[in-house]
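J.: Using the hints, position chain Y against chain C.
Residue numbers (the working numbering), protein chains in the order written: chain C, 1 to 345; chain Y, 1 to 389.
Do not take every clue at face value.
Think about it this way: if two alpha-carbon atoms lie no more than 20 Å apart in a straight line, the pair counts; the simulated DMTMM-like pairs of lysine to aspartate or glutamate are [unchecked claim]:
{"id": "1", "chain 1": "Y", "residue 1": "Lys260", "chain 2": "C", "residue 2": "Asp2"}
{"id": "2", "chain 1": "Y", "residue 1": "Lys349", "chain 2": "Y", "residue 2": "Asp369"}
{"id": "3", "chain 1": "Y", "residue 1": "Lys209", "chain 2": "C", "residue 2": "Asp2"}
{"id": "4", "chain 1": "Y", "residue 1": "Lys327", "chain 2": "Y", "residue 2": "Glu61"}
{"id": "5", "chain 1": "Y", "residue 1": "Lys29", "chain 2": "Y", "residue 2": "Asp88"}
{"id": "6", "chain 1": "Y", "residue 1": "Lys327", "chain 2": "Y", "residue 2": "Glu346"}
{"id": "7", "chain 1": "C", "residue 1": "Lys59", "chain 2": "Y", "residue 2": "Asp253"}
{"id": "8", "chain 1": "Y", "residue 1": "Lys57", "chain 2": "Y", "residue 2": "Asp107"}
{"id": "9", "chain 1": "Y", "residue 1": "Lys83", "chain 2": "Y", "residue 2": "Asp73"}
{"id": "10", "chain 1": "Y", "residue 1": "Lys377", "chain 2": "Y", "residue 2": "Asp216"}
{"id": "11", "chain 1": "Y", "residue 1": "Lys209", "chain 2": "C", "residue 2": "Glu320"}
{"id": "12", "chain 1": "Y", "residue 1": "Lys186", "chain 2": "Y", "residue 2": "Asp216"}
Computed from the model, here is a short list of chain C residues facing chain Y with C-beta under 7 Å [claimed, not checked]:
{"id": "13", "residue": "Leu9"}
{"id": "14", "residue": "Ile277"}
{"id": "15", "residue": "Ser316"}
Please keep in mind that the hints were generated in silico from the structure rather than gathered at the bench.
Ideal Cβ placement from N, Cα and C applies to all residues, glycine included.
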Amino acid sequence: MDLTIALILLQDGILNGAIYALLGLALVLVFLVTRVIFIPQGEFVTFGALSLAFLANGKVPGTAHLLLLMGVLVCLVEAFSAWRARRWRGYPRTLVWALLLPLVLEVLAPLAAGQGVPLVLRVVFALALVIPMGPMIYRLVYQPVEQASVLVLLIISVAVHFAMTGLGLLFFGAEGWRTPALVEGSIQLGPVAWTAQTFAVLALTLLLIGGLWIFFGRTLYGRALRATAVNRRGARLVGISTRVAGSLTFTLAAAIGALSGMLIAAITTIYYDTGFIIGLKGFVAAIFGGLVSYPAAAAGALFVGLLESFSSFWASPFKEAIVFTLIIPVLLWRSFGSVHLDEDD
Amino acid sequence: MELSRIFRPTLMAAAVLAALPLAVSAQIKVGVTVSATGPAASLGIPEQKTVALLPQKIGGESVQYIVLDDATDTTQAVKNIRKLTADDHVDVVLGSTVTPASLAMTDVAAETGTPMVSLAASAKIVEPVDGPRKWAFKTPQNDALMAHALADAMVKQHIKTLGFIGFSDAYGDSWLQEMKGAAEAKGIKVVAAERFARPDTSVTGQVLKLLAAHPDGILIAASGTPVALPQRELVDRGYKGQIYQTHGAANNDVLRVCGKACNGMILPAGPLLVASQLPDSNPVKKSALAYVHAYEAKYGAGSVNTFGGHMWDAGQLINRAVPVALKSGAKPGTPAFRTALRDALENVKELSASQGVFNMSPTDHAGLDKRGRVIVKVVDGKWTYQPDL
Numbered sequence: 001m002d003l004t005i006a007l008i009l010l011q012d013g014i015l016n017g018a019i020y021a022l023l024g025l026a027l028v029l030v031f032l033v034t035r036v037i038f039i040p041q042g043e044f045v046t047f048g049a050l051s052l053a054f055l056a057n058g059k060v061p062g063t064a065h066l067l068l069l070m071g072v073l074v075c076l077v078e079a080f081s082a083w084r085a086r087r088w089r090g091y092p093r094t095l096v097w098a099l100l101l102p103l104v105l106e107v108l109a110p111l112a113a114g115q116g117v118p119l120v121l122r123v124v125f126a127l128a129l130v131i132p133m134g135p136m137i138y139r140l141v142y143q144p145v146e147q148a149s150v151l152v153l154l155i156i157s158v159a160v161h162f163a164m165t166g167l168g169l170l171f172f173g174a175e176g177w178r179t180p181a182l183v184e185g186s187i188q189l190g191p192v193a194w195t196a197q198t199f200a201v202l203a204l205t206l207l208l209i210g211g212l213w214i215f216f217g218r219t220l221y222g223r224a225l226r227a228t229a230v231n232r233r234g235a236r237l238v239g240i241s242t243r244v245a246g247s248l249t250f251t252l253a254a255a256i257g258a259l260s261g262m263l264i265a266a267i268t269t270i271y272y273d274t275g276f277i278i279g280l281k282g283f284v285a286a287i288f289g290g291l292v293s294y295p296a297a298a299a300g301a302l303f304v305g306l307l308e309s310f311s312s313f314w315a316s317p318f319k320e321a322i323v324f325t326l327i328i329p330v331l332l333w334r335s336f337g338s339v340h341l342d343e344d345d
Numbered sequence: 001m002e003l004s005r006i007f008r009p010t011l012m013a014a015a016v017l018a019a020l021p022l023a024v025s026a027q028i029k030v031g032v033t034v035s036a037t038g039p040a041a042s043l044g045i046p047e048q049k050t051v052a053l054l055p056q057k058i059g060g061e062s063v064q065y066i067v068l069d070d071a072t073d074t075t076q077a078v079k080n081i082r083k084l085t086a087d088d089h090v091d092v093v094l095g096s097t098v099t100p101a102s103l104a105m106t107d108v109a110a111e112t113g114t115p116m117v118s119l120a121a122s123a124k125i126v127e128p129v130d131g132p133r134k135w136a137f138k139t140p141q142n143d144a145l146m147a148h149a150l151a152d153a154m155v156k157q158h159i160k161t162l163g164f165i166g167f168s169d170a171y172g173d174s175w176l177q178e179m180k181g182a183a184e185a186k187g188i189k190v191v192a193a194e195r196f197a198r199p200d201t202s203v204t205g206q207v208l209k210l211l212a213a214h215p216d217g218i219l220i221a222a223s224g225t226p227v228a229l230p231q232r233e234l235v236d237r238g239y240k241g242q243i244y245q246t247h248g249a250a251n252n253d254v255l256r257v258c259g260k261a262c263n264g265m266i267l268p269a270g271p272l273l274v275a276s277q278l279p280d281s282n283p284v285k286k287s288a289l290a291y292v293h294a295y296e297a298k299y300g301a302g303s304v305n306t307f308g309g310h311m312w313d314a315g316q317l318i319n320r321a322v323p324v325a326l327k328s329g330a331k332p333g334t335p336a337f338r339t340a341l342r343d344a345l346e347n348v349k350e351l352s353a354s355q356g357v358f359n360m361s362p363t364d365h366a367g368l369d370k371r372g373r374v375i376v377k378v379v380d381g382k383w384t385y386q387p388d389l
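Chain C extracted, bound-state conformation (with noise of 0.2 Å):
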């Protein structure tokens, strides 16, 4: 191995760092406001990537019509609440959100996938379709059982994962897909080539984690999320609804999912279930943190990337072997280092 090579993997491992980074920050973020070992994460990867590379190439993906379903069942589920407590002042925003957004999405769609469109359009318009997904699975799954043990919320976050990756394939097919690149060229640095589309995929790995930084520290709804986070009861009883925290935590959740899965679509090739995987290795991540810090799952998710991409050289056979064995040590680690963590507050 010389130095061009090292450099080489060195920029491999962090360019898909900074993804499993990304999707670690989510699962940290979903677990510490509502509890739930988001499984399901991996598959906005896929579903973003997906949507993209069907409108690329010209056809509506199965997505927008799942949107429209799971609208119109969101919906019904409110009305019914709604009608429970007799209260219907809150109604029409649930109709435009989950009604109105994904009937003007169905109609567009074969707009966006039209000839011609820029491809920036297009990232806008597949964003649109897979992130009011978070919400509503949110709504419609969690929801109704947000009081249950982290145990059963586990149980139904493989059940949804499933339902997803069984989906994925009804939509997207066997065969994987690629998108086009958001940003062409590349840049000599030393004896490597850095493509812009790595640059891209850094700079906004940084721009997310930086604005979550922010929106966390500075905001009143990241404020509320972190109460949440920190003590449920507690911050009910302070007047933040557990429910919209959960609710934005699912939104923001999907929308990380399909950016990181547009970033890398480009560069690799995504199957319907891809997201899995790379949901496994953020969660692999966001271990290193113990699931509640997101510094430590970030630099978790760097040393997952780097570890993979050098032992992909090294020992290519054993390399998701190596990566899925660390979880062992990090967690005796963890479990020796830190505050076991109760989980009825």
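T.: Just chain Y now, with coordinates in the frame of chain C:
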């Protein structure tokens, strides 16, 4: 009361009449289990779609196909064949798509005395023909057949050293073993062997290691669209040697995902892939085009896929063997018929199908020979038949 007295005998007669055809008809039941979901879905889906094109009547008897999905899961495949044999009393089982599931199914096939035709590639399913493998047949080409074709092409292209990157599963293992044997027999040295997994998002490390070994040629042993990842990485990293693929890459989706990076790659494939380019003298041309036309008439132009051809060929084997088995006098649905069908399958001779010409024998349950593979090169994003390689 009055009414029921009048109607009762009529009803009884109707019931008896309705039951009669079931009792006397000799409908042939074909059980199918394919991996229409899970990791091998890209192979299983075209196979499943092909079932609709298989003969509905053989030797004057109607054929019923019972299609199950095993989700590329060995346990599920075994459950499926148990259900097909125990509940549906099928006469023959087609499937499954992948090698591990097919291997596990052979035991049930032998135990229940049901012939099975696997759509998986590994020679281990049918070789050697003894014990439970007496009941197992398969339609895809052996990896060894393809590896020898590649080795011959490599000799003609003056390749002395070969790099290898393959799936970290049975497919990659089998290919590494076969290719090493075939290459070394021709004096080609395998200088590096790397692995990657289907859902991997990067193969940079493996590709760098291959490049460091400076091989004249590199073989990518993977199937479906994942083959594009190492191919693109090799081209992006400036590899100038010849890149080879296996017949797992013979799939139009590969060209879509791979784009320009796949131009120039060489692979062995069933003649089906380039059926229309074959010379008229080729014994497989007509039978391969028959499948292409049947499939594209139903699913649209350009939709045909070589993996589905293996299911079509299994159908052709049945089509040839069932009339022979019927002549023995045994009734479908009986153990005697299944045994007769197995014997008939073993004696299929010179059957031109979509992927080659089958010649089964008591020692060969795969039956394909050199007519079952051609060398194909991708030129300007199109599969191009290479008669000289």
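J.: The structure should be examined with respect to each hint, and the outcome stated for every one.
T.: Hint check results:
1. Taken as a hint, the Lys260 of chain Y and Asp2 of chain C pair is broken in the structure, with Cα atoms around 30 Å apart against an allowance of 20 Å.
2. Between Lys349 of chain Y and Asp369 of chain Y the CA atoms are separated by roughly 12 Å; this keeps the pair inside 20 Å, and the hint holds.
3. This hinted pair checks out: Lys209 of chain Y and Asp2 of chain C have alpha carbons roughly 11 Å apart, not beyond 20 Å.
4. The suggested pairing of Lys327 of chain Y with Glu61 of chain Y holds, with an alpha-carbon distance near 12 Å, which does not exceed 20 Å.
5. For the hint pairing Lys29 of chain Y with Asp88 of chain Y, the CA-to-CA distance comes to about 8 Å; that is within 20 Å, so the pair holds.
6. The suggested pairing of Lys327 of chain Y with Glu346 of chain Y holds, with an alpha-carbon distance near 16 Å, which does not exceed 20 Å.
7. Proximity of Lys59 of chain C to Asp253 of chain Y is assessed by CA-CA distance (about 15 Å); at most 20 Å being required, the pair is judged to hold.
8. Of the supplied pair hints, the one linking Lys57 of chain Y and Asp107 of chain Y is violated, its CA atoms being roughly 29 Å apart against a limit of 20 Å.
9. Restraint check: the Cα-Cα separation between Lys83 of chain Y and Asp73 of chain Y comes to about 15 Å, which is no more than 20 Å; the hinted pair holds.
10. A threshold of 20 Å between alpha carbons decides the hint, and for Lys377 of chain Y with Asp216 of chain Y the separation of about 17 Å falls inside it, so the pair holds.
11. Between Lys209 of chain Y and Glu320 of chain C the alpha-carbon distance is near 18 Å, which keeps this suggested pair within the 20 Å criterion.
12. A C-alpha spacing of about 15 Å is found between Lys186 of chain Y and Asp216 of chain Y, which places the hinted pair at or below 20 Å, so the restraint holds.
13. Using the Cβ-Cβ criterion of 7 Å, the hint placing Leu9 of chain C at the interface with chain Y is satisfied: the shortest such distance is roughly 6 Å.
14. Taken as an interface hint, Ile277 of chain C checks out: its beta carbon lies about 5 Å from the nearest beta carbon of chain Y, inside 7 Å.
15. The beta carbon of Ser316 of chain C is positioned within 7 Å of a beta carbon in chain Y (closest approach about 4 Å), and the interface hint is therefore held.
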